[in-house]
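Colleague: Just so you know, the protein sequences line up as chains S and D, in that order. Heads up: the first sequence is residues 73 to 479, going by the numbering used here. Heads up: the second sequence is residues 111 to 644, going by the numbering used here.
Derived from the structure by calculation, the hints contain no laboratory data. From a predicted model like this one, the values you see are computed outputs, not experimental measurements. One or more hints might be untrue.
Stated by the list, open to error - Residues of chain S clear of chain D, computed beta-carbon distances all greater than 12 Å:
{"hint": "1", "residue": "Thr89"}
{"hint": "2", "residue": "Arg186"}
{"hint": "3", "residue": "Gly416"}
{"hint": "4", "residue": "Asp440"}
{"hint": "5", "residue": "Thr448"}
Said to hold, decoys possible - Keeping only pairs whose Cα atoms sit at most 20 Å apart, straight-line, the calculated EDC-like set for lysine to aspartate or glutamate is:
{"hint": "6", "chain 1": "S", "residue 1": "Lys249", "chain 2": "D", "residue 2": "Asp268"}
{"hint": "7", "chain 1": "D", "residue 1": "Lys234", "chain 2": "S", "residue 2": "Asp86"}
{"hint": "8", "chain 1": "D", "residue 1": "Lys194", "chain 2": "S", "residue 2": "Asp436"}
{"hint": "9", "chain 1": "S", "residue 1": "Lys443", "chain 2": "D", "residue 2": "Glu426"}
{"hint": "10", "chain 1": "D", "residue 1": "Lys194", "chain 2": "S", "residue 2": "Asp440"}
{"hint": "11", "chain 1": "S", "residue 1": "Lys118", "chain 2": "S", "residue 2": "Glu289"}
{"hint": "12", "chain 1": "D", "residue 1": "Lys505", "chain 2": "D", "residue 2": "Glu484"}
{"hint": "13", "chain 1": "S", "residue 1": "Lys432", "chain 2": "D", "residue 2": "Asp235"}
{"hint": "14", "chain 1": "D", "residue 1": "Lys505", "chain 2": "D", "residue 2": "Glu390"}
{"hint": "15", "chain 1": "S", "residue 1": "Lys297", "chain 2": "S", "residue 2": "Asp366"}
{"hint": "16", "chain 1": "S", "residue 1": "Lys443", "chain 2": "D", "residue 2": "Glu191"}
{"hint": "17", "chain 1": "D", "residue 1": "Lys234", "chain 2": "S", "residue 2": "Asp440"}
{"hint": "18", "chain 1": "S", "residue 1": "Lys255", "chain 2": "D", "residue 2": "Glu526"}
{"hint": "19", "chain 1": "S", "residue 1": "Lys443", "chain 2": "D", "residue 2": "Asp187"}
{"hint": "20", "chain 1": "S", "residue 1": "Lys255", "chain 2": "D", "residue 2": "Glu163"}
{"hint": "21", "chain 1": "S", "residue 1": "Lys248", "chain 2": "D", "residue 2": "Asp235"}
{"hint": "22", "chain 1": "S", "residue 1": "Lys189", "chain 2": "S", "residue 2": "Asp109"}
The beta carbon of each residue, even a glycine, is placed where N, CA and C say it ideally should be.
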Amino acid sequence: MAEIVLMRNFSNPDSHTLNAYRASGGYAAWDKAREMDPAAITEEVKKANLRGLGGAGFPTGTKWSFIPKAHTGPVYLVVNADEGEPGTFKDRYLLERDPHALIEGMLIAARAIRCTKGFVYIRGEYVEPWRRFSAAVKEAYDAGLLGRGFDVVIHRGAGAYICGEETGLLSSLEGKKGWPKIKPPFPAIKGAFGQPTIVNNVETLCCVPPIVTRGAEWFAGLGTKTQGGTRMYSVSGRVKKPAVYEAPVSITLRQLIETAGGVSATGRLKAVVPGGGSAAILTADEIDVAMDVDGLKAAGSMIGSAGVMVMDESVSIPEALMVLARFYAHESCGQCTPCRESTGWIYKMVHRIVEGRGHKDDLDTILDVAKRGAGTTICAFYDGAVGPYISYIEKFRGEFEALIPHA
Amino acid sequence: MPRLTVNGKEVEVPAGTNLIEAARAAGVEVPHYCYHAGLSIAGQCRLCMVDIEKTPRPTIGCNTVATEGMVVQTETDRVRETRKSIMEFHLINHPLDCPVCDQAGECWLQIYYMKHGLYDPRMKDEKVHKPKAVPLGPHVILDAERCILCSRCVRFCDEITHTGELGIFERGDHSEIGLFPGRELDNKYSANVVDICPVGALTDRDFRFQVRVWYLDTAKSICPGCARGCNIEVHVNRRRPHHAEGRRVARLKPRFNADVNQWWLCDAGRYGFGFVDAPERLLMPARRQGGASSDVTWDEAIAAVVEPLRRLPPDEIGIIASPKMSNEDLYALRRLVDLRGIRHVASQVPPRVPGDEDNFLIRADKNPNSRGAELMGLGGDARAVIDAAGARRLKLLWIFGHDLLAGALPERDVLEALRVVDTVVFTGSNANWTSAHSHWVLPAAAWVEREGTYTSFEGRVQRFRQAIEPLGQSLAEWEIVSRVMAPLGEAPTATRAEHWFRQLASSVPAFSGLSYQLIGDAGHPLVVAGAASR
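For reference, chain S alone in the conformation it holds in the complex (with noise of 0.2 Å):
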């Protein structure tokens, strides 16, 4: 069995409490960083190949290191708990079983950083990962690891989707409408409150404090040659074990698809989505792949938020996009043309089809728009699900087809 770094505490009932953590050696990675360089920190990070888990895989400490050295106001360290990503459910689980170690990497990121003030955006329907951070936090007051020389605000988030993107977090944590903003400029030159700010994952900040304790190299050779680590792969979906499973990068979906007890019901594999939501979806014969960032990009598709949402032969996939479909147009911050559009059009057509009334050109339509969109907007939400479109009715079309009158 390979080793278990970020789910290490989650067999302990009290995992959650502040002498549980400690037991088990919480915070001897703060003590050890706060004694470190912050550039050193960022070094460390940088040379771990920790790559972010929330969805983009942008490498972290290269993040931290856009920091503008001249600044001299405040920085600000945002932790995305926002998880919204259909078909991922880890961060809720460190939120609720180990919230200590996140605020362990927070603690560590903000000194790399330079930063004073970080704040936690949870996702509003996360009601008990929020009580149990909160209680978390407030231990952390009481025994002085906070509120000396680093802050924590807790800021609910009240449900879209759209506030898990980096900057659409951002503007409602500014208490706007959650609309992403333009780039450039980027968060980390000019983010929360017109400051430089880094946006981290909640599962990413839990991965540091291992990193600091028992250094870069150990890190980086648990995952692959450009990805360091493991992470937690929220597989769901027809197995006969849907849970969250953490495993080294380098674990393919076969065996992933295994650890989770192999596919339910049927039992026979028709497809996969590996990435969440968003990820091109996988046949049953492109299985055969390496679960992390760069694995899952050279076979088309993302490793996203590792949500793995697997489908057996019994599953309609017009049926299952055009439940993605309606996700989209739904969650679709309406603020770009081409995303606010296309989404509700595509739903549209979609629906049609799986209600029987599809035109026959309506294939090459929905191929043809969201192609055309892809790639014109201000954040990734619209590429996000493009990914979906595409690669349902290309890979399955002949089941779409059948749905479509005189097709």
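Use these hints to put chain D onto chain S, whose structure you have.
Modeller: This is chain D only, laid out in the frame that chain S set:
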């Protein structure tokens, strides 16, 4: 100053210039909806895509700053294709109700579809329905289905008026512009959102359904509503008078002037033209005798004014000019005053309550030419003239435009003055209490019916052009004054407003060096006192 090339043409632009403006400097138009030079960058319509060398895909021009050596192409195949797609996205849920839309003819959806769209429509599904004909405030009405959500109106209320009435509500293709709860779009500049709305979503309640825009003629003008001198366009309906029941002035629109009003115009100024086609317009010279008024010819009326002007000693003549008169009118009047040596002259009737004022465009002085009247030596307070009249020292009183009872002059003094003066002459465009108590009424053309110049409070001389014919027999004030001066022995050589301005420029030092040509469309500052004249 970065140098870049746009479609092969090299231009140098100020640092910080975006690619839409840089292209404009190179004579290239980049289509756009949400970008407006007077507002912050939103980057959301996605139409202003351009190709930048060494960039993997088209980039929005509005949020890209021109840099040294940048190579920009606006007409590559992929830019054209992207534009066409964005046009399709803008239009799939649009109701396409051009035949009943006021914006038709000046709608950027129509213009850009014809220029950059021209695709075959593919939308077969039910469009998204949204509220229609929603009044947002006294002047603006919303059709949310026509809205392309460019957010210009929202940004205007946030950034220019700082009143924040508008927001974009809901999400995705159900997004719609609307008022925040309990709010009304009633700020003093509200109708500017109609101007900056690129489509038919926000229309003008006053202009709505009056006349199709392609029947409008336009003239460059200056708003006469206050001392700011906002540059405007007068849109008049001469070709389809029956469409608006004879109303000739259809609307006023702000005209860009970087030094005066930029893109904007206040609502008070915008809707202040109602007097032009009002029933109270004075159409014929008239004589009032024993409570009855009868029309007379211009010759009779002029003779009636000339006679006392010639006969009376100058000290028994009073003139109350108006700071609403043009520089040319005032200068002609100044010449008459000098010719006869008249000393009881003034132009200011102080308002009863101080005028509304803000720190943006609106000035407390509601006259367009107080500065001009001052420079012409006609700037005094009318109170002194009224007092002289009331003291029976004046036999002739010629009043221009003012309704003497509308201001802060004591009512009793005004009544007494008009009662005791032998000959009271009124010159103005519209009837009022004062005209009704004058012995002779000489009708003046409204500002849109003649040309001239005003001098703003900042000392900027600006031209306004004639948009429509004078109503009835009304004449520009300078013309009336000219007709009076001729029999008095000084037949003016000036037969046009411009001639009067030339004479003004050669005799009033502040105006020296100025000409209609120099003033042009954008106006020109007066010669600064003390500076060498050009």
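Colleague: Indicate, hint by hint, whether the structure satisfies it.
Modeller: Hint by hint, here is what the structure shows:
1. Thr89: At about 39 Å from chain D, S/Thr89 clears the 12 Å cut-off, so the statement holds.
2. Arg186: Correct as stated: the minimum Cβ-Cβ distance to chain D is 28 Å, above 12 Å.
3. Gly416: violated (4 Å)
4. Asp440: violated (8 Å)
5. Thr448: Given that some Cβ of chain D is not farther than 12 Å from that of S/Thr448, nearest at about 5 Å, it is violated.
6. S/Lys249 <-> D/Asp268: holds (14 Å)
7. D/Lys234 <-> S/Asp86: violated (57 Å)
8. D/Lys194 <-> S/Asp436: holds (17 Å)
9. S/Lys443 <-> D/Glu426: Distance of about 86 Å is beyond 20 Å: violated.
10. D/Lys194 <-> S/Asp440: holds (13 Å)
11. S/Lys118 <-> S/Glu289: The hint holds at about 11 Å.
12. D/Lys505 <-> D/Glu484: violated (25 Å)
13. S/Lys432 <-> D/Asp235: holds (14 Å)
14. D/Lys505 <-> D/Glu390: violated (28 Å)
15. S/Lys297 <-> S/Asp366: The hint holds at about 10 Å.
16. S/Lys443 <-> D/Glu191: holds (12 Å)
17. D/Lys234 <-> S/Asp440: holds (15 Å)
18. S/Lys255 <-> D/Glu526: violated (71 Å)
19. S/Lys443 <-> D/Asp187: Between S/Lys443 and D/Asp187 the Cα gap is close to 16 Å, so the pair holds against 20 Å.
20. S/Lys255 <-> D/Glu163: With a Cα-Cα distance of about 19 Å, the restraint between S/Lys255 and D/Glu163 holds, given a limit of 20 Å.
21. S/Lys248 <-> D/Asp235: violated (33 Å)
22. S/Lys189 <-> S/Asp109: Distance ~19 Å between S/Lys189 and S/Asp109 Cα, so the pair holds.
Taken one by one, the earlier hints fail for this structure at numbers 3, 4, 5, 7, 9, 12, 14, 18 and 21, listed in ascending order.
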